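S.K.: Sequence:
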Amino acid sequence: MSLVMQKLEDMNIQYVTAVVEEGGVIVDQLFFHDPDGYMIEICNCQNLPVLPLSSSCPLKLNLPTTTTTTTTTTTTLRKPKYCAGEAAAVMMMDNLLVEMMNISM
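Those letters in the sequence shown? Residues 1 to 105, per this note's numbering, in order.
Everything labelled a hint here was simulated from the structure, so no lab data went into it.
From a predicted model like this one, the values you see are computed outputs, not experimental measurements.
The beta-carbon is built from N, C-alpha and C at its ideal position, and this holds for glycine as well.
One or more hints might be untrue.
Straight-line distance between alpha carbons at most 25 angstroms, and here's what the computed SDA-like set of lysine to any residue pairs gives [what the hints assert, rightly or not]:
1. Lys7 with Pro35
2. Lys7 with Phe31
3. Lys7 with Val19
4. Lys7 with Val50
5. Lys7 with Cys45
6. Lys7 with Phe32
7. Lys7 with Tyr38
8. Lys7 with Thr17
9. Lys7 with Gln46
10. Lys7 with Asp34
11. Lys7 with Gly37
12. Lys7 with Cys43
13. Lys7 with Met39
14. Lys7 with Leu30
15. Lys7 with Val20
16. Lys7 with Asp36
17. Lys7 with Pro49
18. Lys7 with Ile42
19. Lys7 with Asn44
20. Lys7 with Asp28
21. Lys7 with Gly24
22. Lys7 with Val27
23. Lys7 with Gly23
24. Lys7 with Ile26
25. Lys7 with Glu41
26. Lys7 with Ala18
Across the chosen pairs, the derived CB separations fall in these ranges [to be verified]:
27. Val19 with Val50: 19 to 25 angstroms
28. Met11 with Ala88: 36 to 42 angstroms
29. Met93 with Leu3: 29 to 35 angstroms
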């Protein structure tokens, strides 16, 4: 963190620091604005504990099934079952992709 602070000072970029403590874990944060005006946050995230994701999800979504009818057979297809967190992550990544494409055009 001190190396980043030194580099920012060398480039005459103003920054603000903060210390956050939650559950006994202390995280140092550094905030500054990039040349485009966006706020950048840098933290020592290695202090955060890594918690494994549970392989079983207690939340089940009732996704609709789609039925395809042809002249000879009827096939029922189920959409993949995501747990609520997984569905939210997929939706956020889709939105990120759309926003990135809007920015690049």
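S.K.: All hints are to be evaluated individually against the structure, with a verdict given for each.
M.R.: Verification of the supplied hints:
no.	hint	verdict
1	Lys7 with Pro35	holds (15 angstroms)
2	Lys7 with Phe31	holds (13 angstroms)
3	Lys7 with Val19	holds (20 angstroms)
4	Lys7 with Val50	violated (29 angstroms)
5	Lys7 with Cys45	holds (20 angstroms)
6	Lys7 with Phe32	holds (12 angstroms)
7	Lys7 with Tyr38	holds (18 angstroms)
8	Lys7 with Thr17	holds (14 angstroms)
9	Lys7 with Gln46	holds (21 angstroms)
10	Lys7 with Asp34	holds (13 angstroms)
11	Lys7 with Gly37	holds (18 angstroms)
12	Lys7 with Cys43	holds (15 angstroms)
13	Lys7 with Met39	holds (17 angstroms)
14	Lys7 with Leu30	holds (13 angstroms)
15	Lys7 with Val20	holds (23 angstroms)
16	Lys7 with Asp36	holds (18 angstroms)
17	Lys7 with Pro49	violated (28 angstroms)
18	Lys7 with Ile42	holds (13 angstroms)
19	Lys7 with Asn44	holds (17 angstroms)
20	Lys7 with Asp28	holds (17 angstroms)
21	Lys7 with Gly24	violated (30 angstroms)
22	Lys7 with Val27	holds (20 angstroms)
23	Lys7 with Gly23	violated (31 angstroms)
24	Lys7 with Ile26	holds (23 angstroms)
25	Lys7 with Glu41	holds (15 angstroms)
26	Lys7 with Ala18	holds (18 angstroms)
27	Val19 with Val50: 19 to 25 angstroms	holds (21 angstroms)
28	Met11 with Ala88: 36 to 42 angstroms	holds (38 angstroms)
29	Met93 with Leu3: 29 to 35 angstroms	holds (32 angstroms)
In summary, the structure is inconsistent with hints 4, 17, 21, 23 from the numbered list given earlier, while agreeing with the others.
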